[in-house]
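Asks: Residue-level listing of the chains:
4 protein chains.
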Amino acid sequence: MLGNEFGHLFKVTSFGESHGKAMGVVIQGCPSGVEFLPDVLESFLARRRPNQNPWVTSRNEADNYEILSGVFEGKTLGTPIAVVVYNQDTRSKDYDKIKNQARPGHADDVWKLKYSHVDHRGGGRSSGRETLSRVIAGAFAKMYLQSANINTEVTTKITKLGPLENKGNDTFPEGTKQLLTEAKEQGESYGGHIHLNISNVSPALGEPVFKKLKAQLATAYMSVGAVVGVELTGGFKNTLKKGTEFHKQGEVIYQGIRGGISTGENINLTIAMKPTSSILDTAKQGRHDPCILVRALPVFEAMTYLVLADTELIKKLNNI
Amino acid sequence: MLGNEFGHLFKVTSFGESHGKAMGVVIQGCPSGVEFLPDVLESFLARRRPNQNPWVTSRNEADNYEILSGVFEGKTLGTPIAVVVYNQDTRSKDYDKIKNQARPGHADDVWKLKYSHVDHRGGGRSSGRETLSRVIAGAFAKMYLQSANINTEVTTKITKLGPLENKGNDTFPEGTKQLLTEAKEQGESYGGHIHLNISNVSPALGEPVFKKLKAQLATAYMSVGAVVGVELTGGFKNTLKKGTEFHKQGEVIYQGIRGGISTGENINLTIAMKPTSSILDTAKQGRHDPCILVRALPVFEAMTYLVLADTELIKKLNNI
Amino acid sequence: MLGNEFGHLFKVTSFGESHGKAMGVVIQGCPSGVEFLPDVLESFLARRRPNQNPWVTSRNEADNYEILSGVFEGKTLGTPIAVVVYNQDTRSKDYDKIKNQARPGHADDVWKLKYSHVDHRGGGRSSGRETLSRVIAGAFAKMYLQSANINTEVTTKITKLGPLENKGNDTFPEGTKQLLTEAKEQGESYGGHIHLNISNVSPALGEPVFKKLKAQLATAYMSVGAVVGVELTGGFKNTLKKGTEFHKQGEVIYQGIRGGISTGENINLTIAMKPTSSILDTAKQGRHDPCILVRALPVFEAMTYLVLADTELIKKLNNI
Amino acid sequence: MLGNEFGHLFKVTSFGESHGKAMGVVIQGCPSGVEFLPDVLESFLARRRPNQNPWVTSRNEADNYEILSGVFEGKTLGTPIAVVVYNQDTRSKDYDKIKNQARPGHADDVWKLKYSHVDHRGGGRSSGRETLSRVIAGAFAKMYLQSANINTEVTTKITKLGPLENKGNDTFPEGTKQLLTEAKEQGESYGGHIHLNISNVSPALGEPVFKKLKAQLATAYMSVGAVVGVELTGGFKNTLKKGTEFHKQGEVIYQGIRGGISTGENINLTIAMKPTSSILDTAKQGRHDPCILVRALPVFEAMTYLVLADTELIKKLNNI
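Chains as they are written, first to last, in the working numbering: chain A, 2 to 321; chain B, 2 to 321; chain C, 2 to 321; chain D, 2 to 321.
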C-alpha cells in the first residue's frame, strides 16, 4: 500500500506484474500543451530493453507502448497520461515448477510474507520489469522540461563494474563486453558504481526541510532494486577530510546543492548496485542479466527527470 | 512548499525559525492510548542539546518542551500532538551586522534566492535547530512502538571522525574529546561516518515499489543537513565483489531488507556527514559545533523511529 | 492537476477521454486476498451502460473491461489493480464540425480556458463517460468490504424526477418510462432528487475534523457532474424546526453520523441533480440522455463504497 | 487519523482540545512575501469570538493569538506559519461531574467509541472551539489572495433562522436578537440556512474530476459541525424544473461553476445548519450558543478562502 506512487505534483502511479497482462503507468500533473516526443520515449525504452545484446536477459520483449489517454494531436491535455505495455514473452509455465520455491536472494519469500497471496511468476511485481513504468514516466518528465525550455541534462556512466574501472567519459569501462559475456557463460554476476551528472540545473529546486533535493534524489535511486548506496560523488571519502580542507576557498565540492536546494551548479551523484542474485545454475538456466547496471542507466536518468519535473513545478509556487 | 512534512500515516509537520519565537512540531496519526513517556523524550532532547559539553555550540537552550495538545492524563488521544519549544538564547542582534552577508558554506544565499524574503538570523529555518522538531517527533514514534509492544531498537555510533576510527562498540572513537576540543580552539571542523543499527525489526515493513524500506530510510537521513551519503553498511565496497562471492551461501549481507521489505534480520546503515561549514574566524567568533556528528546521533535515531512507526502502521493495512 | 485521485488508503486514479483510446482506473490500497467477484463489477457496469433502454443515450458501448494487473488466480495481490475499457463507438468525426463550437451548458469552453489544448470530441475528459472508472473502482471497494465480512449495503432510488414523485421503495417513480420516452422525442430533459441509504454501517467511520464522514460523502457526490446539492435527507427542511422539536426524545434524525463519525445506525442522504444540458435540437440530433439520474444511481453507490472502503481501512489505525 | 489536514498546496493542519492548553494551526504552502494584515485576522477572530453579545456562549475567551513561526518583519517567509491561542476560561472542573455521561446530541459517546481514550472536557477536540484554527488559517488565505492581487470576496448572511426569513442583504433576519435572547432564557435552540456569495472569482479554479470546485466547497462546509446540507443556491428546488426551463436562454443558473471549474461569474451557495444540541436544562446550566449560525459565518468564509487560495495555487500549474 501507498508505495506505487512517486512525486508530488508531477506524479507517477506504476502498475503491472512481470508475467501479468501488462505493465503500465499513469502520469498525473503533467501540464497541458507539452509536445509528445516519441524519440525521447523510445530511446529510454531501447536502452532498458531486454535482449538488446548478448549481455542482458534474453527475455524477448518488443516493449511496444500504447498511450491510452492524456495525449491528443501530439500534445498533452493536462489530464492523466496512461501508458501500457502488454507483456508478450511471459512463459509463465516455466515458473510453475518453482511456484513454491523461493529463489535465493530474490524477494519471493519476503513478498509472500507480506502479501500472503502473490503472483509467483517471474517475481510478479518485485521484478525489474517494473522499471519499464519508470522510464516511460521519466520520458514524459523530460518532455515537460523541454517544452518548458528547461534544458537540464542528466547523463550516466558506469564508473566501476566488478573489477573494472572507468576513469574517462565513456558510458562503460573498457572490457565490459568481455567480462559480461564470460559472466553469462559462467553464471557469474557483477555489481558496481554508477555516476550520474546533472547539468544546467535550475537554481532553487528542492524543498526544505524534509524534501531537500538530495533527499528526493536519494529516495529516487534507493527505490530501484539492487541499489545499496547513494552519495554526492565522493561523499564517503571526502567527509574524512578536515573542514579547513573540505571547504577550501575556490573548491566547489557539493556546490550543486546547498541547504538542500539546488544552486544552479552541476550535481554529481554516485550509486552503488549489488551483483544480481541469479548466479551459477539458476543464472545459466533462466533468462537473467549477469549485470543489471547496463540496463539500469536509463532508469536512474528517468528517476532524476521525475524529481526535476516535480521540483520545477513546486518552484512555481514559492513566491507570490 | 510541501517540504515540512514527513511520513504518511505517522506524520510529522515541523515548524519554527532558529531565532523566531519557537520551534515546534505537530504529529498526526499517532494512535490513541499511547503512554507518554517523558524519559524517552527528554533523553532525545538531552543528547541533541546545545551547550551540553565543551565540544558543542555554546548556545544556551534548556529546550523545555510544552505539549499543547493530543496528550491527556498521560496518554495520547489520537488527535494531533502539538509540541513547542520556545527559543530563549536567540541573540538576534548578533546577526544584524551580517544581515546582508551570506555566510560561506551556509544556505543563506540559496535560501534567499528561493524565498526572496528570509529570516537571516542564525540561518532561520535552515538552521540545525530545526532538528529539535525531529527528535521530539521521533520520541513519540518510539513511544508508539513501545505501547504496541514492538521492541525494535535503534542504536548509533560514530565509526569515523576525521582521522579517528572506532572499531568497537563505543559511541565515540577514542580521542574524540581531545580532537574536538582542539578543533574548537583552532576553528577546525570535522565530519565522518555514523553507523546505525536496527535490531528486532518486524518483518514485512516497507512498501514496494517506490517506498522500499531502504528508500524511506535513505530519504530520512539525507534530509538532515550535512549528510552527503547513505549506504547499507559497506555497500559501496561490497558491490565490487563478484556475485558468487557476494551471495555466498551462509553469508548474510543485507539480509535485513530484501525486495525493499524488512525480513526481520538486523539492518545496518552507514551515513556520511561533511565537516561543518563554520571554520576559522567564523567558527571562533560565533556559537558553532566543530563537529555536528555528536549531536546528530539522536536525530538519525529519531528519523529511524519515524520511518518504523509509519511503516508499522502501513503494515496493518496489507491483508484483509 | 491533483484532481484525478479519490481516497486516502483505498485510492482511485481515474484516466481516459470519452473519445480517446480507453477509459480506465488504477486502484491502490486494496488489500491482498480479496476475492474478485465478476458479478459485482458487471452489475455496476450494466446499470450505467449506455443504450440499455430507450431512455438513455444510444452510444453503443459494450464496456468490456480488461484487468491488466493486481488480480491473480481470482484474488487481489495487494498491488495496484489496473482496469481498462477500450472505447468502441467513438464516432469522432461527428464532433469535427463542432470542434470550435462550445455546446451550451457544457464544460467545453471553461475546460478550454483552463487547459488551452483540449480533446474536443464528446467532451473529452469532462464527459460523463468518466464515471465508468468510478463504478469499476466502486465494485472493487464493495468486493473488499465483502471479503472483510463488512456487510454494509448501499441502495439508491429516484425520489423526484421533474414533476414525478416516488414515495415508495421502488427505484423509479411511477411514470418514469413514459416521461423519459416523450422527453427523448421532444428534446426535453429532466433532473431530480436521488435518495441514498447506507445500512449495516460500521461504527467509528469518518475522521475528525476535516474528513468527517458527511464531508467525505458530500465531496464524493458533488464530484459527479450535474450534482447541485447534497443533504442528510430532509436537512434543508428540518433545520428550520426549533431545537426542542428537532432533538425530541426518541427521534432519530441524523443518528447515523454524529460528530462526523458513523454511529452504526443507517445513514440517509439526498442528492439533487440538474436536468441534462443537451436539450431541443442538440438533444434530438446527438446521442444524449434526457435524464442522467437513471444511469447515475450506480455511480453514487460506487462513490459511497469507495468512501466506506477508505474509512474502514483508516479505522484499522485508530487504536494501538 | 488523516483528518486534521485541509487543502493540497495551501495546507492547514489544525490541533488543540477545547480545554487543553491551546488551540492552534500550522499553515503550509503560503508563499513567501505575503503581507501580514492583523486586521484581517482580528476581524475573523472577533466575529467568531464567544461572549461577544448576549446570544452567544458566555465562555470568556480573549482569543489572543501568538504567531510562533513563518512571519518575519511583517511578511510571510514561505516556511510553515504556526499560530496558537492559549485556552483561558477552561473551567475543566465543571466537566468532572459529567465525565462518564454522554451529553445528548453531542459527539461524546461516538468519539469515545472511536478513540477509547478521550478528553471529556467540553467536547475535547469535537468542540466547536476547533473552528478557531480554521478562521486563523482562512485569514492567512485571504492575505495571500490580497497580496497576489486576487480580489475575490466572500460574503455570508443568514437567510433563514428557525421561523425567521431574511429576504434582503442584511447579515441577520429581522428579529434575530429577540428570538435568540428568548431562546437563551428558555433553553431553546435554532438552526437555519446561510447564504454564501463568492464574487470576483478567478476563472479556471477547480480540478476535474474528483476535485471540482463545487466538491471542494461542499466538503469544506460539510466538515463544519452541525452542517446537514449544501447546495448551489436553490439547487434542490431548481432541479425539479424541466430542462428547457432550467437552461432557458439568458438565464444564468449556476454559471459560476461549469464542469466543476469556475467561470469567473459569481458563485452562490446555501448551507443548512441544524439547531444546537444543548437544549432545555443543559442549555440553561452551561455555556452554550442557542444558535450556532451567528458565530459560524466567519468560519464558512474562512473555509471558502482556504479553498480559493488552494485552487489559485493549483491553477499556476496547469499550463507550461
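No wet-lab data here; the hints were simulated from the structure. Keep in mind that the hints are not guaranteed to be accurate.
The list cannot tell twin chains apart, which means a pair is met if one copy fits it or any two copies do.
As the list claims (entries may be wrong) - Derived lysine-lysine pairs resembling DSSO-like cross-links, with alpha carbons at most 27 angstroms apart:
{"hint": "1", "residue 1": "76", "residue 2": "242"}
{"hint": "2", "residue 1": "242", "residue 2": "168"}
{"hint": "3", "residue 1": "76", "residue 2": "285"}
{"hint": "4", "residue 1": "178", "residue 2": "242"}
{"hint": "5", "residue 1": "158", "residue 2": "317"}
{"hint": "6", "residue 1": "249", "residue 2": "76"}
{"hint": "7", "residue 1": "285", "residue 2": "113"}
{"hint": "8", "residue 1": "76", "residue 2": "113"}
{"hint": "9", "residue 1": "238", "residue 2": "316"}
{"hint": "10", "residue 1": "178", "residue 2": "158"}
{"hint": "11", "residue 1": "113", "residue 2": "316"}
{"hint": "12", "residue 1": "113", "residue 2": "238"}
{"hint": "13", "residue 1": "317", "residue 2": "285"}
{"hint": "14", "residue 1": "113", "residue 2": "178"}
{"hint": "15", "residue 1": "249", "residue 2": "168"}
{"hint": "16", "residue 1": "243", "residue 2": "158"}
{"hint": "17", "residue 1": "285", "residue 2": "249"}
{"hint": "18", "residue 1": "158", "residue 2": "238"}
{"hint": "19", "residue 1": "285", "residue 2": "242"}
{"hint": "20", "residue 1": "285", "residue 2": "243"}
{"hint": "21", "residue 1": "178", "residue 2": "238"}
{"hint": "22", "residue 1": "168", "residue 2": "316"}
{"hint": "23", "residue 1": "168", "residue 2": "22"}
{"hint": "24", "residue 1": "249", "residue 2": "178"}
{"hint": "25", "residue 1": "113", "residue 2": "317"}
Asks: Take the hints in turn and mark each one as holding or not.
Replies: Status of the hints after comparison with the structure:
Neither within a single protomer nor between protomers do residue 76 and residue 242 lie at most 27 angstroms apart by alpha-carbon distance, with minima of 51 angstroms and 41 angstroms respectively. Taking the shortest alpha-carbon separations for residue 242 and residue 168, both the intra-copy value of 23 angstroms and the inter-copy value of 19 angstroms come in at or below 27 angstroms. Proximity of residue 76 to residue 285 under the C-alpha cut-off of 27 angstroms is found in neither arrangement, the shortest distances being 45 angstroms within a copy and 33 angstroms between copies. With identical chains, the CA atoms of residue 178 and residue 242 are at most 27 angstroms apart between copies only, with a shortest distance of 18 angstroms across copies and 37 angstroms within one.
In this homomeric assembly, residue 158 and residue 317 never come within 27 angstroms of each other (Cα to Cα): the closest approach is 32 angstroms inside a single copy and 36 angstroms across copies. For a Cα distance limit of 27 angstroms, the shortest separation of residue 249 from residue 76 qualifies neither inside one copy, at 48 angstroms, nor across copies, at 36 angstroms. When the C-alpha separation of residue 285 and residue 113 is checked against a cutoff of 27 angstroms, the pair qualifies only within one copy, where the shortest distance is 25 angstroms, while the shortest distance between copies is 57 angstroms. Within a single copy, residue 76 and residue 113 get their C-alpha atoms only as close as 42 angstroms, which misses the 27 angstroms cut-off; across copies the closest is 14 angstroms, which meets it.
In this homomeric assembly, residue 238 and residue 316 never come within 27 angstroms of each other (Cα to Cα): the closest approach is 32 angstroms inside a single copy and 37 angstroms across copies. Proximity of residue 178 to residue 158 under the C-alpha cut-off of 27 angstroms is restricted to the intra-copy arrangement: shortest distance 15 angstroms within a copy versus 42 angstroms between copies. Taking CA atoms no more than 27 angstroms apart as the test, residue 113 paired with residue 316 passes between copies only; the shortest distance there is 14 angstroms, against 41 angstroms inside one copy. Taking CA atoms no more than 27 angstroms apart as the test, residue 113 paired with residue 238 passes in neither setting, with 39 angstroms inside one copy and 30 angstroms between copies.
In this assembly of identical chains, residue 317 and residue 285 lie within 27 angstroms of each other by CA distance neither inside one copy nor across copies; the values are 51 angstroms within and 40 angstroms between. Neither within a single protomer nor between protomers do residue 113 and residue 178 lie at most 27 angstroms apart by alpha-carbon distance, with minima of 36 angstroms and 49 angstroms respectively. Taking the shortest alpha-carbon separations for residue 249 and residue 168, only the intra-copy value of 25 angstroms comes in at or below 27 angstroms, while the best inter-copy value is 30 angstroms. Proximity of residue 243 to residue 158 under the C-alpha cut-off of 27 angstroms is restricted to the inter-copy arrangement: shortest distance 20 angstroms between copies versus 30 angstroms within a copy.
For the identical chains of this complex, residue 285 and residue 249 are inter-copy neighbours only, at 17 angstroms across copies versus 52 angstroms inside a copy, given an alpha-carbon limit of 27 angstroms. Taking CA atoms no more than 27 angstroms apart as the test, residue 158 paired with residue 238 passes in both settings, with 20 angstroms inside one copy and 18 angstroms between copies. With identical chains, the CA atoms of residue 285 and residue 242 are at most 27 angstroms apart between copies only, with a shortest distance of 20 angstroms across copies and 45 angstroms within one. Only between protomers do residue 285 and residue 243 lie at most 27 angstroms apart by alpha-carbon distance; the minimum there is 16 angstroms, versus 49 angstroms within a single protomer.
In this homomeric assembly, residue 178 and residue 238 come within 27 angstroms of each other (Cα to Cα) only across copies, at 23 angstroms, whereas the closest approach inside a single copy is 30 angstroms. When the C-alpha separation of residue 168 and residue 316 is checked against a cutoff of 27 angstroms, the pair qualifies neither within a copy, at 36 angstroms, nor between copies, at 44 angstroms. In this assembly of identical chains, residue 168 and residue 22 lie within 27 angstroms of each other by CA distance neither inside one copy nor across copies; the values are 42 angstroms within and 48 angstroms between. In this assembly of identical chains, residue 249 and residue 178 lie within 27 angstroms of each other by CA distance solely across copies; the values are 25 angstroms between and 41 angstroms within a copy.
For the identical chains of this complex, residue 113 and residue 317 are inter-copy neighbours only, at 16 angstroms across copies versus 43 angstroms inside a copy, given an alpha-carbon limit of 27 angstroms.
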